[in-house]
Amino acid sequence: AKMPDDFPEEVALAAFDVAGAPASVKRRAGPGQTVVVIGTGKAGLLCLAAARDAVGPAGKVLAVDPSEAASGRARGLGYADAVFTIDATDPIAIHSVVQDATRGRLADLVVNAVNAPGTEVSSVLAARDEGSVLFFGMATSFAAAALGAEGLAHPGTLLIGNGYVPGHAEEVLDLLRRH
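Quick note on numbering: the numbering used here labels position 33 of the sequence shown as 94, and the sequence is numbered without any gaps.
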């Protein structure tokens with residue numbers, strides 16, 4: 062990627078580090094859909110902005126983070142319709158808040174941007190049947206995700222974010238400029 066002239070180097074490098082996550086959200090979320098972002102660190106915040114852009118005013122964006130400080134940052138940005146301060150290793154709590162916030166429909170797309178183990182089942186339970194779960198957290202156990210979905214008889218699609226999407230560096234800079 063070409064280093065931009067309008068951002069400090071540290072900001073550009075931090076954005077490039079997680080650029081694949083919001084670019085993937087942009088490609089997978091659509092107008093009117095519901096997107097849940099679990100984890101509101103730098104990747105999660107960029108995913109919230111990308112999700113808001115993708116789902117538009119008719120869609121719904123929800124965020125989950127166990128830290129009150131991180132949840133507060135996410136609330137302050139205004140991209141999420143609701144932000145929940147909940148530990149994502151508690152699948153029943155995650156399912157409950159997402160179910161309540163979506164009136165039982167659950168999410169079309171769940172983005173797991175958590176860097177802590179044990180959040181795979183929560184991500185699966187937040188997705189509707191035939192919904193998708195995009196795992197970007199490097200602490201994800203893909204065996205736990207696959208076996209968890211199978212054990213729950215959940216017919217969703219599990220996706221592994223590899224961090225590279227064509228054009229992702231330019232897209233993340235554009236996202237930052239617009240937001």
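Calculated from the structure, these hints are not laboratory results. Honestly, I wouldn't trust all of these hints.
[Unchecked claim] Listed below are the simulated SDA-like cross-link pairs for lysine to any residue, each with C-alpha atoms no more than 20 Å apart in a straight line:
#1 LYS121 with ARG136
#2 LYS103 with THR163
#3 LYS121 with THR163
#4 LYS121 with VAL158
#5 LYS121 with ARG88
#6 LYS121 with PRO92
#7 LYS103 with HIS215
#8 LYS103 with PRO69
#9 LYS103 with GLY224
#10 LYS103 with LEU74
#11 LYS63 with LEU74
#12 LYS63 with ALA177
#13 LYS103 with GLU70
Just so you know, these numbers come straight off a predicted model, no measurement behind them.
**Asked** Which hint numbers doesn't this structure obey?
**Response** Violated hints (numbers, rising): 2, 7 and 12; every other hint is consistent with the structure.
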